[in-house]
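Asker: Residues per chain are reported as follows:
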Amino acid sequence: MSSHAHSAPHAMPAPTGFISKWVFSLDHKVIGIQYFLLALAAVCLGIVLSVLMRFHLVWPSAHLPFITGGQMTPEQYLALVTMHGTIMVFFVLTTAPQSGFGNYFLPIQIGAADMAFPRLNMLSFWTTFLAFVAIIAAFFVPGGSPISGWTAYPPLSGLGQVTGPGEGWGQTMWIVSIALFCGASLMGALNFIATIIDLRAPGMTLMRMPLTCWGWFVTAILGLLAFGVLLAAGVLLLLDRSAGTSFFVPASEVVTDTLLNHKGGSPILWQHLFWFFGHPEVYIAILPGMGVASHLLSTFSRKPIYGYRAMAYAMCGIGFLGFMVWGHHMFISGMSPYSGFAFSVLTMAIGVPSAIKTFNWLGTLWNGKIQFTSPMLFALGFVSLFISGGLSGLFLAQPAVDNRLHATYYVVAHFHLVMGVAAIFGIFGATYFWFPKMFGRMMSEPLGKLHFWITFAGAYCIFMPMHFIGIAGAIRRYADYTGVQYLAQFQPVHKFMTIAAFITAAGQLIFLWNFFWSLKHGAKASDNPWHATTLEWSTATPPPHDNFGGHYPSVYRGPYEFSVPGVTEDYVPQHLAPQEVPRSK
Amino acid sequence: MHRDLRIRDLRSKGSAATPALLALLITIMVVATVYVFAANLYPAPTAITAIGEMIDRQYDMTLWVTGIVFILSQLGLAYAIFRFRDRGQKAAFTRGNNTLEVIWTSATIILFVGLGLLGRKAWGETRFTPAEPNAIQVEVTTNQFAFNFRYAGPDGKFGRIDTKQISASSGNPLGLDSNDPAGKDDIVVPTLTVPVNRQVELVLHSQDVIHNFYVRELRLQQDAVPGLAIPIHFTATKIGQYEVVCTQLCGLGHYHMRSLLNVVSDEDYAAFLKASAQ
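Line order of the protein sequences matches chains A and B.
Per this note's numbering, residue 1 is the first one in the first sequence, and the count goes up by one each step.
Per this note's numbering, residue 1 is the first one in the second sequence, and the count goes up by one each step.
It should be emphasised that the hints constitute simulated quantities derived from the structure, not laboratory data.
Positions of the beta carbon are idealized from the N, C-alpha and C atoms, including for glycine.
Just so you know, not all the hints are guaranteed correct.
To be verified - Covered stretches of chain B (in silico footprint by chain A; criterion: 3 or more residues with CB under 8 angstroms from a CB of chain A, positions within the stretch not fixed):
#: 1; region: 65-72
#: 2; region: 100-108
#: 3; region: 164-172
#: 4; region: 182-196
#: 5; region: 202-216
#: 6; region: 255-266
Said to hold, decoys possible - Covered stretches of chain B, as calculated for chain A (at least 3 residues, CB under 8 angstroms):
#: 7; region: 19-28
#: 8; region: 31-45
#: 9; region: 52-62
#: 10; region: 147-160
#: 11; region: 223-237
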């Protein structure tokens, strides 16, 4: 397309066999699709687990044919809690937006032929795959899946079978899976960072990168710094469990009248290490979504993103502050209350870059020409959900108020809206937007819209009421409401949320149908069906093995040049030289 | 080619139905949320401590601030969605406005960080200030899945604990050392009874995994961590019975790990101590 293309940098030769092309592929695009499909399998499983949880909360004594004994036990409920959280956080929210879409589109958006280290890329995918196999295996080992939640606080998680079913083999498999996942994520993070620093096309300065790339860049840095800490913590926990060490298990532990032989560990140390990873992880899940939402809002408002620099700096600010707020998960843990207060003020401060992003999103829409495509609907939904879920965080960030709300359904509502559903909306937006580039066909717009309506309304119906009962004192992670008297009053609300969850989960079948049906039968997509500006739309659909067919683009301008005065079209692609831009007379 | 044109149609000028519906959904969500709070449909129980009331005031202030931001930003989003839908107009070309960036950045810093600093008072009252020296001492020991409360008894001294002697089945769940005379009169009970308007200091212990002591009406929540003795204090101002629950995931019986807090008159408290000492 561009007459100013320079010669291609070295790219891997295109593979010919099925195995080298689709299984052990070195092509970032294939690896991106592999990650996406892994996350798709994981999210289907995660949703089934959540539907079972919601069912059990409302009909705890119902007969379930697929469960031994017919009735779900409290430990089975806690196993669902643990596995739902683990699968969703690691294998969906970390995997799809960063490893999936990031892998596919980062190199193309910066004008590179592949990731910096294609073999490392393949290795990180297959290590993630092994991690997924390990977590699935936890369902089938003796004792079943662990019951200690996705946070796996010791001593509950550190002593083996004595503390409960699933804490034997199940918890071990959990640690093995997470350790593998950490290793894979470290490899991925290195690869992303090296690619962005080294492989940008001529003219693609950092400040001309699409905000999607900024999202992936900051996320990769967070991943590099956070996953190593979780890996270390996981290894120490494994040693406490199997080698008799006492990193996290204190002396004088007595479980069911038996004195255990541990000496001098600290349960709170695990919480520090876990949340040193765990809080950045929240941003690992949401930053790519912020990038995608910014990208889509600009593209479909036909306006430059409002405050590009502020948006890029806000992402860096969120990443930086994201490492200083982990203690807000631990206000009531026994940590020094003075530390708690310091963490509180820093956490309130992280609301500032988040607010900057929100204002700039609204600024982007203002005086725009908004096109309501499926990807745009999900981006708009993202903004609404992010506002709702973000603001509720201002309560939990204050230790005094957290005294009242900690461990209630309010917390469940908060993090599901802001890092769960909003991030998922980012993934859906990305899928509807990039599907035509990835597979050469459009997804059905009517089905995409229907899917949006059900998911958007459904998500609010599930999670908004959780705030209300949480404020009134409804406690999370309870298998049953019969143990505590005041919980019974919340059952009608639980019933409403459960029915909303059923409908919303069923609505996801529309997405699955649309996805797989469109692969074969969708309308053929042109190279640039959305009239977008970034480099992936300058190449063929789907892109050739080396991304740009032997010619590599130069970049002449920022990523969001829409509705530029004096230009014929309402968009100016990044790769068009100034003299090539058609101008109106 | 024909099919590709249809896609172009979808992208260009559409009907007003989609933006109208989306703006409406967001508005309904805002109205419903505001209604639930305004009508107080799911009220939290009244706080029974002065600090609890202070926490509620901080909560209310946060609710006002976030509530106003929530309503304005969601309705602003809904308005923009409907108002700036594609009607064939040309989008305005602007890259942003530095003055606005500075204004809303400064405003949110003041609002959010200011709110956080104001919250120091209520938190400090519960955690920075130690209990008064004459506060009633109660030791709380948790295990899977029970609370035990220990009072020092008439001698005012807690007996030594010997972890080797812990045996719930033989009636010594805390492992009171049988060789320590100070422990002979210790009162160990499964529910917490305290006199009204007197400060109580609880020292939280756990024998096995992490548990939590939470009473909604006290607005007080604290983990009990094995290996640590964590003090908290409160002064209950209203006679009544309240549920104590565990909020830290502690195993399969977590959901029924529960006890009671009885706030009683001074006379009833004296009677309770007397009855328990026998």
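Asker: Could you run down the list of hints and mark each one as holding or not?
Answerer: Each hint, compared with the structure:
Chain A is given as covering the region 65-72 of chain B, and this holds because 4 residues of the stretch bring a CB closer than 8 angstroms to a CB of that chain, at least three being needed. Counting residues of the region 100-108 of chain B whose CB falls under 8 angstroms from any CB of chain A gives 5; the rule of at least 3 is met. For the region 164-172 of chain B, the assignment as covered by chain A holds, since 5 residues bring a beta-carbon within under 8 angstroms of that chain's beta-carbons and 3 suffice. Residues of the region 182-196 of chain B with a Cβ under 8 angstroms from some Cβ of chain A number 0, which does not satisfy the need for three, so the listed coverage is violated.
Counting residues of the region 202-216 of chain B whose beta carbon lies closer than 8 angstroms to any beta carbon of chain A gives 7, which meets the minimum of three for the stated coverage. With 4 residues carrying a beta carbon less than 8 angstroms from a beta carbon of chain A, the region 255-266 of chain B meets the three-residue requirement, and the given coverage holds. For the region 19-28 of chain B, the stated coverage by chain A is satisfied: 5 residues place a CB nearer than 8 angstroms to a CB of that chain, which reaches the threshold of 3. Remark: the region 31-45 of chain B is confirmed as covered by chain A, as 8 of its residues place a Cβ nearer than 8 angstroms to a Cβ of that chain, reaching the required three.
With 6 residues carrying a beta carbon less than 8 angstroms from a beta carbon of chain A, the region 52-62 of chain B meets the three-residue requirement, and the given coverage holds. For the region 147-160 of chain B, the stated coverage by chain A is not satisfied: 0 residues place a CB nearer than 8 angstroms to a CB of that chain, which falls below the threshold of 3. With 6 residues having a Cβ less than 8 angstroms from any Cβ of chain A, the region 223-237 of chain B passes the three-residue criterion, so the hint holds.
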